[in-house]
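Asker: These protein sequences, in sequence, are chains S and Y.
Just so you know, we're using my numbering here: the first sequence kicks off at 90 and counts up by one.
Just so you know, we're using my numbering here: the second sequence kicks off at 19 and counts up by one.
Quick list of the computed label-pair ranges, beta carbon to beta carbon:
| id | chain 1 | residue 1 | chain 2 | residue 2 | range |
| --- | --- | --- | --- | --- | --- |
| 1 | Y | Phe50 | S | Pro120 | 48 to 56 Å |
| 2 | S | Asp186 | Y | His91 | 33 to 41 Å |
| 3 | Y | Glu67 | S | Lys235 | 16 to 24 Å |
| 4 | Y | Gln59 | S | Gly124 | 53 to 61 Å |
| 5 | Y | Leu60 | S | Glu141 | 35 to 43 Å |
| 6 | S | Leu242 | Y | Ile84 | 22 to 30 Å |
If you only want the chain Y side, here are some residues facing chain S, beta carbon under 10 Å, derived:
| id | residue |
| --- | --- |
| 7 | Phe27 |
| 8 | Ala28 |
| 9 | Thr69 |
| 10 | Asp75 |
| 11 | Tyr76 |
| 12 | Asp77 |
| 13 | Ala94 |
| 14 | Pro98 |
| 15 | Val99 |
| 16 | Thr100 |
Calculated lysine-lysine pairs in the DSS-like style (CA-CA distance at most 30 Å, straight line):
| id | chain 1 | residue 1 | chain 2 | residue 2 |
| --- | --- | --- | --- | --- |
| 17 | Y | Lys35 | Y | Lys71 |
| 18 | S | Lys122 | S | Lys160 |
| 19 | Y | Lys71 | S | Lys227 |
| 20 | Y | Lys35 | S | Lys222 |
| 21 | Y | Lys71 | Y | Lys55 |
| 22 | S | Lys222 | Y | Lys71 |
| 23 | S | Lys160 | S | Lys222 |
| 24 | S | Lys222 | Y | Lys55 |
| 25 | S | Lys235 | Y | Lys71 |
| 26 | Y | Lys55 | Y | Lys35 |
| 27 | S | Lys222 | S | Lys235 |
| 28 | S | Lys235 | S | Lys160 |
| 29 | Y | Lys35 | S | Lys227 |
| 30 | S | Lys235 | Y | Lys35 |
| 31 | S | Lys160 | Y | Lys71 |
Derived from the structure by calculation, the hints contain no laboratory data.
These figures come from a predicted structure and were not determined experimentally.
Here a beta-carbon is modelled for each residue, glycine too, at the ideal position from N, C-alpha and C.
For reference, the chains in residue letters:
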Amino acid sequence: MSDSRMINTQTISVQEADFNVQTLYESLCVPHKTGAVAMFVGRVRDFSENPEQSSFVLEHYPGMTERNIEKIVAQAQQRWTLLGVKVVHRVGELGVDDQIVFVGVASAHRAEAFAACDFIMDYLKSRAAFWKKEITPKASNWVEAKQSDEDSLQRW
Amino acid sequence: MPSINVVFFASLRETLKSDGVSVELEQPLTVFELKQKLAQQLDQPVLLEDTVKTAIDYDFARDTDIIDIETVHEVAFFPPVTGG
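Chain S on its own, in the form it takes in the complex (with noise of 0.2 Å):
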């Protein structure tokens, strides 16, 4: 196994700041050697009339949460060679047009990190413990649980 294997914990984390999208970049890149860099970024929609005065909370379960990533991630590992990998999600109140969700893949090839970075969104959605609320002025209601995001795991 080369270190590029190994998952340490800069790889993931859960975190109620915002990221900077240029600097996970950066450390995705491995001089020499990576040749395709795929990211995926999840933000806030607008899902009420007000988007102003709308907001995210986002839950999730200290421990568990964190374990799910990285399985997720160690999966994804095995199944392709990758040079590296980050997964930032965040946790705690989000706003419309916030960002929430960062995957980077860095591979030599771009099949890889497109395959990769597709995988671990796919099974953040439906296999890591976060719960998503949604708050409105004039009410809070927790999302609910697509069935197309656990059927989308079928093409895995």
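Using the hints provided, position chain Y relative to the given structure of chain S.
Answerer: Showing chain Y alone in chain S's frame:
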């Protein structure tokens, strides 16, 4: 008597109005048996609904999985996850 922590998250925590409880167990039991025991103790039949998911010590678990009271520290119940 060995005891385990049972914790609740998201909408389930709000419905139960509780972050969690400590449960004393005499012998190993399945996830479903623990749900039944708690549903009765807390008078909360919501715990028996299909949508209630489970983790044993941070790993997703099924209703038929056995909870080993000697080694298990924490069982969590929660609704389907909605991250990403």
